[in-house]
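Visitor: Please construct the entire structure, taking both the sequences and the accompanying hints into account.
Residue numbers (my numbering), protein chains in the order written: chain A, 919 to 1084; chain B, 28 to 93; chain C, 615 to 1008.
Watch out, some of these pointers could steer you wrong.
Unchecked claim - Simulated crosslink set (SDA-like; lysine to any residue; CA at most 20 Å straight-line): (1) 828/C with 71/B; (2) 830/C with 962/A; (3) 951/A with 827/C; (4) 723/C with 692/C; (5) 921/A with 741/C; (6) 921/A with 682/C.
Source of the hints: derived by calculation from the structure; they are not laboratory data.
The model shown is predicted, which means the values in this text are computed figures rather than measured ones.
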Amino acid sequence: MDKLVNDFSLGLFFWQAVILVVLILLLVKFAWKPIMTSIAAREEGIANALASAEAARKEMHNLQADNQRILQEARLERDAMIKEAREIKEKMIADAKALATEQGDKMIEQAKATINSEKNAAMAELKNQVAGLSLEIAEKLLKNELSDKGAQTALVEKLLGDVKLN
Amino acid sequence: MEGTLNLIGAGLVVIGAGLGLGKIGGSAMDAIARQPEAAGKIQTAMIIIAALLEGLAFAAIILGKS
Amino acid sequence: MVFHGKIVKNTLTALFAVVPFITFANFANDTVKVQPEHAPVAIHTEVAGHAEEHAPASKKDAIDAYIQHHLQDSHEFIFFSDEAEGKHYGFPLPVILVDGGLKVFSASKFEHGEKVAEVDGSYYKLHHGKIYKTDASGDLKLDAHHHPTAEKPFDMSITKNVVTMLLVSALMFFMFVGLAKSYKKGPIPTGFGRVLEPLIIFIREEVAIPNIGKDKYRKYMGFLLTVFFFIWILNLLGLTPLGTNVTGNISVTVCLALFTYLITQFSANKNYWKHIFWMPDVPVAMKIVLMPIEILGTLTKPFALLIRLFANITAGHVVMMSLIAMMFVGKNLAADMPISIGLTLFIAVIELLVAFLQAFIFTMLSSLFIGMAVQDHHHEGDHDGHHDEEPIII
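Guide: Set out below in structure tokens:
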């Protein structure tokens, strides 16, 4: 301890104090302040950039989610539309089928009715004609019988042949 | 005679400081082994405490060797 | 088994921890030899008192004297000396004395301590790096312990250490102003600034903010950064062959620690003073007992700070110089040289680490003390933590 106290030099202490004070003041003014400010500013800049990147990423994520949602909606809508169209189509086909069947049935019915009526009319006419013919034949027969027996028979024969042809 | 006694006293302090440093180092190693991820923090704390202890030992020597 | 291992481990660590102190203690013994205190060792007479520096009894004493001389501040910058011819290669530095007026003259007047310098009718003599006022004969009136009793004028000389500090200051100024300017060109520094910037950030992130707190650290960054780089560069310069030993000089470390002390005391808040003079949450009797302990504690903290730096650097220098000197003391140069160089290299690498570590520790503890002075104690838990910490920090 004695030696240390003896070694202590007030002059060196004085110079050291002066140098340290001046050095601290100079460095604070010309170095530490601008350096610390620059570093802090840079760090703030980096933090801001990171934050904005994060925000952009989030926005992107949101946008993507939105797109997904819209796409999903569109897909659903499309599906719905297709389904509807298919239903309509099927319904139309079914309706058309039903209508056609109905129409056909109706036409067949009508045709049948017409045929029937035509047939009935033809039958009636035929009956009338046959009745007329029979009457004519009977008239002519009666006329011929009255004149010639052979001729009458021939005539009947001939008339019958005509009827057959008819 | 007095100087010798002083030096013996300083030596005793140094033994104590040595034991303390050993304990600090050992405990720090244990702690690092237990939690390797905290190694940096443990090292800093270890160095500070070791430095404080070292200061004590040096002070004892300087005061003792007069 | 584990317990046993622990004991062995502790003992081994203790032994290793003691090794540097042993060399340090030797150095203390050697000092006694150079300045003999006990009658049997005192082979030199009083008349031959200061001749011993130039005519040592043995090689070993010569080396001790050389190491002693190296550890001290000097009034001249000597790079190397030729012992055989008594020539010193270097340059003298200005001496400034306050002794009935300012006296400025070149240290070359002392002729490396061999002659009495006469300035304006006063006579001055250099003895172990100190200037004493004497008469024309150069008698220093040595006492029984070989300490001169002659009057010492106030020595404000620009000594070797002052020159080194000025050089380091200039170096730091240019380095960091350059770094500050490089920020004007862009956000990222260029050149050497890339090395300096991480160190600044390291001090801020690892030292200032954890110890002082995020809100208050900014005010102390100037001091912490300046002191850190100042000590570190000076420590590193001490490892170069320039042969300076600035941070291993007690005056310098006293000044550095005093700055920390003053900054701590002047930035202390009410809470800090309350903890010193009237410790809360303890009985009144304890408060009275604790008061002087706490007051003493404020002084022991910077004291330990200055002793730590001084002793570490001095011990490093002594060990390195002793290892180099091994070469000259030994009988067989071929065998001694590789051992000496190898060991010196090993210690030099450790000293590189110590140079950084001591600068870091000084800054760290300074910020710790400042942090203790400025922090607010809001929680009860903090009080307990405070009590636990207090006895360790001396």
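Visitor: Hint by hint, note whether the structure agrees.
Guide: To see whether the hints hold, each was checked on the structure:
1. 828/C with 71/B: Measuring from Cα to Cα gives roughly 19 Å; hence the hint holds.
2. 830/C with 962/A: holds, 18 Å
3. 951/A with 827/C: holds, 19 Å
4. 723/C with 692/C: Judged against 20 Å, a Cα distance of about 15 Å means the pair holds.
5. 921/A with 741/C: holds, 14 Å
6. 921/A with 682/C: holds, 12 Å
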